[in-house]
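A.B. asks: Listed below, chain by chain, are the residues.
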Amino acid sequence: EVQLLESGGGLVQPGGSLRLSCATSGFTFSTYAMSWVRQAPGKGLEWISVIYGGDSRTYYADSVRGRLTISRDISKNTLYLQMNSLRADDTAVYYCAKHESLQSFLDSWGQGTLVTVSS
Amino acid sequence: DIQMTQSPSSVSASVGDRVTITCRASQGIANWLAWYQQKPGKAPKLLISSASTLQSGVPSRFSGSGFGTDFTLIISSLQPEDFATYYCQQANNLFTFGPGTKVDIK
Chain A
1 EVQLLESGGG LVQPGGSLRL SCATSGFTFS TYAMSWVRQA PGKGLEWISV IYGGDSRTYY
61 ADSVRGRLTI SRDISKNTLY LQMNSLRADD TAVYYCAKHE SLQSFLDSWG QGTLVTVSS
Chain B
120 DIQMTQSPSS VSASVGDRVT ITCRASQGIA NWLAWYQQKP GKAPKLLISS ASTLQSGVPS
180 RFSGSGFGTD FTLIISSLQP EDFATYYCQQ ANNLFTFGPG TKVDIK
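Residue numbers (the numbering used here), protein chains in the order written: chain A, 1 to 119; chain B, 120 to 225.
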């Protein structure tokens with residue numbers, strides 16, 4: 001059974017940093033693309049970053065490029081999101097999600113972790 | 120960037136009703152489209168991939184169709200557990216979600 005468990009969320013001041021983690025199990029982590037998707041309170045889903053299996057290519061949404069960095073530790077089966085220069089509009093629930101074999105769609109999701117950016 | 124729109128933004132329906140949700144891409148995306156269901160406080164769930172492929176375990180009352188720029192999700196006979204928000208997502212050029220369609224009880 002695929003399991004994804006996010007951690008690391010919390011309250012951070014504007015301009016601060018935070019690192020989210022997503023511990024995975026139940027599949028060959030190195031093979032699959034993984035994404036981070038966020039959802040601001042009462043709003044819709046926003047894809048923010050992907051790291052592909054195999055060559056570890058990374059891509060970002062314009063809204064976070066240059067401030068957020070996706071990475072993974074294959075030895076720990078863990079996905080990360082380093083978040084720097086945080087702003088109030090980064091406040092959201094952050095989900096990690098596994099892509100299916102076509103690397104296009106998100107077939108497994110974590111429960112999410114809340115990041116609140118506020119002074 | 121590819122933009123996604125959905126209509127309606129919300130729909131009130133009764134159990135047993137047929138519900139149709141449409142999704143439009145700002146440019147052609149072939150069949151690189153998925154539909155997700157999200158209930159309050161929960162993570163999204165993948166219902167349909169590649170525009171029309173029903174995921175394992177998803178009831179057959181859900182169906183998807185479309186190609187290019189226009190797509191449709193149909194719930195043929197709405198059940199109590201189907202009241203939720205539905206999102207489309209394109210995967211032709213990175214990934215973009217539509218704004219969502221909330222299905223609530225009439």
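Be careful, since some hints might not be right.
Using 30 Å as the maximum straight-line C-alpha spacing, the simulated DSS-like pairs for lysine-lysine come out as follows [as the list claims (entries may be wrong)]:
1. B/161 with B/225
2. A/76 with B/161
3. B/164 with A/43
4. A/76 with B/221
5. A/43 with B/225
6. B/225 with A/76
7. B/158 with B/225
8. B/221 with B/161
9. B/221 with B/164
10. A/43 with B/161
11. B/158 with B/221
12. B/158 with A/43
13. B/225 with B/164
Keep in mind the hints are simulated off the structure, nothing from the lab.
A.B. asks: When you check the alpha-carbon spacing of residue 43 of chain A and residue 225 of chain B, does it fall within 30 Å?
C.D. replies: holds, 22 Å
A.B. asks: Is residue 158 of chain B close enough to residue 225 of chain B, meaning Cα to Cα at most 30 Å?
C.D. replies: Distance of about 17 Å is within 30 Å: holds.
A.B. asks: Holds or violated: are the alpha carbons of residue 158 of chain B and residue 43 of chain A at most 30 Å from each other?
C.D. replies: holds, 13 Å
A.B. asks: Assess, step by step, whether the Cα of residue 76 of chain A is no farther than 30 Å from the Cα of residue 161 of chain B, and give holds or violated.
C.D. replies: holds, 26 Å
A.B. asks: Does residue 76 of chain A sit within 30 Å of residue 225 of chain B, going by the straight-line distance between their CA atoms?
C.D. replies: Given that 30 Å is the threshold and the Cα spacing comes to 48 Å, the pair is violated.
A.B. asks: With a cut-off of 30 Å on the C-alpha distance, tell me whether residue 221 of chain B and residue 161 of chain B pass.
C.D. replies: Distance of about 14 Å is within 30 Å: holds.
A.B. asks: Below or equal to 30 Å on CA atoms is what counts here, so check residue 221 of chain B against residue 164 of chain B.
C.D. replies: Roughly 15 Å between the alpha carbons, so the hint for residue 221 of chain B and residue 164 of chain B holds.
A.B. asks: For the pair we were handed, residue 43 of chain A and residue 161 of chain B, check the Cα-Cα distance against 30 Å.
C.D. replies: Distance ~13 Å between residue 43 of chain A and residue 161 of chain B Cα, so the pair holds.
A.B. asks: Does residue 43 of chain A lie within 30 Å of residue 164 of chain B when you go C-alpha to C-alpha?
C.D. replies: Status holds; Cα separation ~17 Å.
A.B. asks: Next pair to validate is residue 76 of chain A with residue 221 of chain B; report whether the Cα-Cα distance is within 30 Å.
C.D. replies: violated, 38 Å
A.B. asks: Between residue 225 of chain B and residue 164 of chain B, does the CA-CA distance stay at or below 30 Å?
C.D. replies: Roughly 24 Å between the alpha carbons, so the hint for residue 225 of chain B and residue 164 of chain B holds.
A.B. asks: Holds or violated: are the alpha carbons of residue 161 of chain B and residue 225 of chain B at most 30 Å from each other?
C.D. replies: holds, 22 Å
In this structure, the hints that do not hold are numbers 4 and 6, in rising order.
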